[in-house]
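Build the full structure now, drawing on both the sequences and the hints.
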Amino acid sequence: MKVVLLIASIIFLSACDQKNKYTVSYIERSAPKFIAAENNPGGQTTVANQTQPSFQLPAANLADELKPNFHAGKALANQPWVKAPTVTFARDGLGPVYNARTCLMCHIKGGKGFIPNNNETPVRGTLVRLSKVLEQQDLSVHSELIKQAGVIPHPMYGDQIQGQSVSLAHQLRHSQKPGTIKHDVPPEAYVHINWIEKTFTYPDQHQVSLRKPELDFKYLGYGPLGDDTQFSLRVAPTIHGMGLLGLIAEQDLIALADAKDKNNDGISGRVNQVWDVEKQATVVGRFGLKSNKPSLAMIVGGAFTNDVGITNSLAPKQPCTELQTACLKIPNGNDKQGVELPDNLLELVINFNRDLAPVQRRNSQDVSVLAGRELFYQVGCNQCHNPRFVTQKSDTAPHLSEQVIWPYSDLLLHDMGPELADGRPDYLATGSEWRTAPLWGIGLLHKVNGSKVFLHDGRARSIEEAILWHGGEANQAKAQFIQFEKLDRDDLINFVNSL
Amino acid sequence: MKFIKLAACITSASLLMACGGDDDNNSSVPAINMEKAQLVVNTNAAIAYAAYTDSVETAKALKAALATFKADPSTQNLTAAKTAWLVSREPYGQTEVYRFRNSPVDALDVEGDLNAWPLGEALIDYVNTGNDGDDFDNDQIGVTAHGFGDDITATIDVTNAEASNTIIGNTAIAIDDTLLAKGLAAEDEHDVISGYHAIEFLLWGQDLNTANQSTTDGTDRDEAVNATAAGGQRPVSDFVPGITADYDANELSHRRHKYLEVVVDKLIADLEAVQAEWATGDENNYRASFTTLTNEADAKTKLTEILNGMGTLSEGELAGERMQIAFASNSQEDEHSCFSDNTHRDIWLNAEGVSNSFFGDYAGYDSDLNGSDDVITNAVDGYGISDYLTEVGLTEVAAKTFAALAITKAGYAAIDTSARDGVPFDVLIQNPTENSSVAITIKALNQQSRLIQDAADQLGLGTVVESDASGCNTENPTSTEGC
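Order-wise, the sequence lines are chains A and B.
With the working numbering, letter number 61 in the first sequence gets 61, and the count goes up by one each step, no holes.
With the working numbering, letter number 138 in the second sequence gets 138, and the count goes up by one each step, no holes.
These are computed hints drawn from the structure, not numbers from a lab.
Pair by pair, the computed Cβ-Cβ distance ranges are:
| no. | chain 1 | residue 1 | chain 2 | residue 2 | range |
| --- | --- | --- | --- | --- | --- |
| 1 | A | Gly338 | B | Thr433 | 26 to 34 Å |
| 2 | A | Ser401 | B | Asp298 | 47 to 55 Å |
| 3 | B | Pro30 | A | Asp64 | 29 to 37 Å |
| 4 | A | Pro178 | B | Lys36 | 58 to 66 Å |
| 5 | A | Asn117 | B | Thr294 | 37 to 45 Å |
| 6 | B | Ala413 | A | Lys393 | 45 to 53 Å |
| 7 | A | Pro32 | B | Thr294 | 46 to 54 Å |
| 8 | B | Thr463 | A | Lys393 | 32 to 40 Å |
| 9 | B | Thr301 | A | Arg461 | 32 to 40 Å |
| 10 | B | Glu391 | A | Lys393 | 54 to 62 Å |
| 11 | A | Lys393 | B | Ile407 | 42 to 50 Å |
| 12 | A | Gln148 | B | Ala413 | 54 to 62 Å |
The calculated DSS-like cross-link candidates involving lysine-lysine, where the alpha carbons are at most 30 Å apart (straight line), are:
| no. | chain 1 | residue 1 | chain 2 | residue 2 |
| --- | --- | --- | --- | --- |
| 13 | B | Lys182 | A | Lys452 |
| 14 | B | Lys182 | A | Lys182 |
| 15 | B | Lys300 | B | Lys400 |
| 16 | A | Lys132 | A | Lys218 |
| 17 | A | Lys218 | B | Lys182 |
| 18 | A | Lys177 | B | Lys182 |
Since we're looking at a predicted model, the values are computed, not measured.
Each residue gets a CB set at the ideal place from its N, CA and C atoms; glycine is no exception.
This is the structure:
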């Protein structure tokens, strides 16, 4: 084994020497020596890769006595919620408006969601966030709202389009002629996508087709959206390894941040500051595509209410706005706590999500993968896709405690340029900033559930397309990638796919 | 003879021990006996055909009972229709061991249409709601303040029946096969409005009885809606035409009969589709390919399929999803047949299906609902996994599995007896102790699934009990708030 390693490193070292002439504004960097720990992105939580890999397995080192709770949480994330009222009182309360009737219907097997490839079907497993354009006076008039919500939600639609509702007319839309049944509570919209294709040509004349989504609202349940509305299309992200990310020390994130780019490398990296309902305070954000959620609890609680319509103590209001009066009148599934999902069950789901394990890397010793690894560091991908962290000590989740993890993200906000911008600020995040996407498990997305789209809105159909969409702070790294020979580009992509 | 068997047993046990540390060494695994494997798959297919045939027949009998009830909507005929539904569950419950193995019921994608729950009952017909739009309200049946043991007369507020936001209530909705087909075949999962449980809901209504309940002040829906008496309380008047003796197509009573008709027709059609795949004499159907063993690897695949159905139903589906979730969370909605209070039979029949596959026998079904099979027209007495294990020398695991199945049987029989004595599953789950027959059955099913996996291991087959299959740790039935 050692011999093979040695040979491999000789090969990639010599390969690197040739590469220098193809790079632009090359800054001296090189990859650290490969260590075996890189094969286990989640440290001791890492689960083995299987023929049918899954992002919904419990951490490999999860104590046996915690497993029943993991499965209980999974059942709550996986079993369908139904319209209230039913005899099934612990499972009712869906909606009134919602995106999906279970968590795992979008985060299928813990993996990435789907987005339609054509205009025929409305989006599922993908949602649209929206808000009102911020005017100067809003900052004073709505200061409390902005502090807590991060945005000014659309007065009629709220901050998210719920494309489904418990209305009979919606539930039976495939069998009844439109208009046969009157909506009691209409779904907010049927959102379709138009894909705009363009061709990118490398210096070596190799071509790649790139597509960009355009929103097409085929049905609006509550009137026009208005011109001063901002939209952001998001495909459901993967949900594994989130407990580990939650245990990265705040000071580690702040240490990586370089808001004013003092080190002059063209990369800033900012910490978002967001509202935490549990703490009733503004704290560092680390979850969500714009780092707009501070904790796993907040992201699970928020998603239960906004995506499924199952209220809980962290997000106790039904997903209806004040103006959606019919929505507010629909029977709910509240228990005596006044919510649809009591705290003990919510905690089960949060801990289920917390304990979802990263999967072992594949082919890390392939010659091409090792060469790609060198290039990854050489062009500076690692500056944002920060490879390694050590999690903090945790008494509540000892299996996640002090683990060496390899998420390949700094969880910070970076300006990704105008092409990727959604133009919708969220707390401190600007309209062109996004949180660095963790890369662990990225090569397994397709095998996990069949989805194989990348970036926040699923526009990229391959790692290569995703790289080519990078802009802003990533321009310099991308420019080097573009100048590579095809074989080198493939090496880099192979490395990313091995994560 | 006994001594020789025992010796063989010891030898194979020590062989296993010797190889215990090395997972890759399969030298102790006997080769598949092709001739005997053929007997196993033949019997397994014969039982499937027999049980699905009985399912079709009893579904047709249900259809006939529903027609009689429509012609004369009397209390007596409603009871007869309910009985026909209960009988139709007897053979079907035994077929569920053919799930989780890519056999026709799953491959044709009809299982969800046949047997899915929880039902979207609030979309189908009126349900109890309070006046202020909150379904947790003190004017609902079951949420009325009462003392221990008080039986509050169940009178459903039929004013809700006029609500236009149900399939029955909205007369603009055509009740036909398109309604069911397109409601379920959409690109995303919809409320369940079809199958056995839709018929069950239409016939029984919601189970909101209060008899023998503990004291409630009417503010806790969880304690108030826990039902104890036998099934839902839909009044027969829901099915009786109004002013004239003839049905007006728009009359809600008529729409209920119509709904029952289209659901039972789809049920029969779906069951017949599955039955046809298991029939003999069609060289292109599933049975033809299932019973053709081309080589040893193929035989292993087929045996794995059989054990997969047995193992996954025992551990993940029945013990976990169907029993422990309801048991540990004391949650009535998680019981399988919650409107009719027939969950004790679902448990019995599912477990019996596993045992059928193991022994290679099918005893028919119970048409008079007294707990013993009396319709034996399609009974099968064949060659099962137990016969195979014994004849290839794996007597120890065969004997252990036999013993485990017996413990399971004692457990589900106790649940059944309790239900017949007036303490149904939804009452049993309100006392989640270690000694409960429910806890004992869950543990027994867990043990039996481990032995099924052992048998698979000793036959050189792969994983047949998915570690991921269950939502629950069935070794510890009382451990968690809910699975």
